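Asks: Below, each chain spelled out in residue letters.
There are 2 protein chains.
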Amino acid sequence: MQEKNISMSVIRRLPRYYRFLEELLKEGMEKISSRELSERMRLTASQIRQDLNCFGGFGQQGYGYNIAELHAEIGSILHLNGDRRVIIVGAGNLGRAVSSHLDFKRFGFKLIGIFDRDPAVVGEKIAGHIVRDAKTLREFCAEYSPKMAILCIPREFAGDTVKVLSESGISAFWNFSHYDILGDYPNATVENVHLNDSLMALSYEMEQKGC
Amino acid sequence: MQEKNISMSVIRRLPRYYRFLEELLKEGMEKISSRELSERMRLTASQIRQDLNCFGGFGQQGYGYNIAELHAEIGSILHLNGDRRVIIVGAGNLGRAVSSHLDFKRFGFKLIGIFDRDPAVVGEKIAGHIVRDAKTLREFCAEYSPKMAILCIPREFAGDTVKVLSESGISAFWNFSHYDILGDYPNATVENVHLNDSLMALSYEMEQKGC
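If you're matching them up, the sequences are chains A and B in order.
For what it's worth, this note's numbering labels the leading residue of the first sequence as 1, then goes sequentially.
For what it's worth, this note's numbering labels the leading residue of the second sequence as 1, then goes sequentially.
Keep in mind the hints are simulated off the structure, nothing from the lab.
Bear in mind that the values here come from a model prediction, so they are computed numbers and not experimental data.
Take these hints with a grain of salt, some might be off.
Copies of one chain are not kept apart here, so a pair can be met inside one copy or by any two copies together.
Taking lysine-lysine pairs in the DSS-like style, the calculated list, with each CA pair at most 30 Å apart, reads [as the list claims (entries may be wrong)]:
| hint | residue 1 | residue 2 |
| --- | --- | --- |
| 1 | Lys105 | Lys147 |
| 2 | Lys209 | Lys163 |
| 3 | Lys26 | Lys209 |
| 4 | Lys31 | Lys125 |
| 5 | Lys125 | Lys209 |
| 6 | Lys135 | Lys31 |
| 7 | Lys147 | Lys209 |
| 8 | Lys135 | Lys209 |
| 9 | Lys147 | Lys31 |
| 10 | Lys26 | Lys125 |
| 11 | Lys110 | Lys209 |
| 12 | Lys163 | Lys135 |
| 13 | Lys163 | Lys26 |
| 14 | Lys31 | Lys209 |
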């Protein structure tokens, strides 16, 4: 497998391929041509060939792609077969939604703890986990070595929390707060989900289209 | 104000400018140079000048940007001063998080209804709204003409729901489901939030960086 110099825009498309291929598998399909895949995904066939060639190319001329094989390969490229330990910090509405809504196992993660600073929430059971006191983050990390933290806390608490987590060996973050982690920790691995920004972009598009 | 031919990548950055400027306002700052703004936002100064020039340019040579003015202008470009009526379909964990977590008013939206198909949830009060039966979507839309719908439902129900909403005059969607709205409604205005894809991208990045 060649994984060198692959642009983030290609990587960004891989989850979508993965989801589409999963659906095709569920439909019982075994192979698909790049043309058919392109129609389903609304990408050009040459785009698809180009994307998948980045990883060495899976298709056979005149046969198309073996769906199960391609699905497994993309899953492996995305490293979805791991079991990296994850914690969620913040058990408000967003933390609850993330903990209950996401199938972590499917993506190679394993949720091992949920934390909150609010005594009224600590001790509650969410998604099978007793919410722990955020004050115990440091000792928890020392004992269980989580690899990634999901930040579902307001911006004003995020800086202190990331400091503790970073000192405890966590360098990967799924960040729902508006705290700019990379600004303070340039070497961290960060994926931001900025719901506000998404809503503002939609607002703009609606205005442009006269919705 | 010139708003022609602005690329989506510039538009995508505007919410971030807007958030940053809001923080500066809170800090009591009145003006900022593009260099200072660039350091804070980790964009190049020339990138910032280029972005803001798309809209006619706000800065004055040697003075910098008037923060309140720029903030208001970007808010106006993003049309955050409207009060477009919005409904949420799906009152599960995700719908609850979205309804309670987002400050719709701040972004020019007004939440007017939450819907679910589950009788056990219908009638419950969430974020100040009694959850309505999804069966009543059509008549609700006829009466209150919401302009945008937030889809917090599983993919398998999304197709039917979007059909009803589309027939009821809604053409804008904030889509948390994996249903491909644009595939079936190419003229719709859609902003997708694909949490699964984001998590998969993070998985890839973690693997690349050896986290």
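Asks: Are the hints correct? Go through all of them and say.
Replies: Cross-check of the supplied hints:
In the homo-oligomer, the alpha carbons of Lys105 and Lys147 lie at most 30 Å apart inside one protomer (14 Å), although the nearest pairing across protomers, at 37 Å, exceeds that limit. In this assembly of identical chains, Lys209 and Lys163 lie within 30 Å of each other by CA distance solely across copies; the values are 20 Å between and 43 Å within a copy. Within a single copy, Lys26 and Lys209 get their C-alpha atoms no closer than 36 Å, and across copies no closer than 33 Å, so neither meets the 30 Å cut-off. Taking the shortest alpha-carbon separations for Lys31 and Lys125, neither the intra-copy value of 44 Å nor the inter-copy value of 48 Å comes in at or below 30 Å.
In this assembly of identical chains, the alpha carbons of Lys125 and Lys209 never lie at most 30 Å apart, being 45 Å within a copy and 33 Å across copies at closest. Neither within a single protomer nor between protomers do Lys135 and Lys31 lie at most 30 Å apart by alpha-carbon distance, with minima of 52 Å and 39 Å respectively. Within a single copy, Lys147 and Lys209 get their C-alpha atoms only as close as 43 Å, which misses the 30 Å cut-off; across copies the closest is 12 Å, which meets it. Proximity of Lys135 and Lys209 under a CA criterion of 30 Å is satisfied inter-copy only: 29 Å between copies versus 48 Å inside one chain copy.
Taking the shortest Cα distances, Lys147 and Lys31 never come within 30 Å of each other, neither inside one copy (36 Å) nor across copies (41 Å). Taking identical chains as interchangeable, the C-alpha atoms of Lys26 and Lys125 are never at most 30 Å apart, the minima being 33 Å within one chain and 37 Å between chains. Proximity of Lys110 to Lys209 under the C-alpha cut-off of 30 Å is restricted to the inter-copy arrangement: shortest distance 19 Å between copies versus 42 Å within a copy. When the C-alpha separation of Lys163 and Lys135 is checked against a cutoff of 30 Å, the pair qualifies only within one copy, where the shortest distance is 13 Å, while the shortest distance between copies is 48 Å.
For the identical chains of this complex, Lys163 and Lys26 are inter-copy neighbours only, at 24 Å across copies versus 43 Å inside a copy, given an alpha-carbon limit of 30 Å. Taking the closest pair of Cα atoms, Lys31 and Lys209 never come within 30 Å of each other, the shortest separation being 39 Å inside a single copy and 33 Å across copies.
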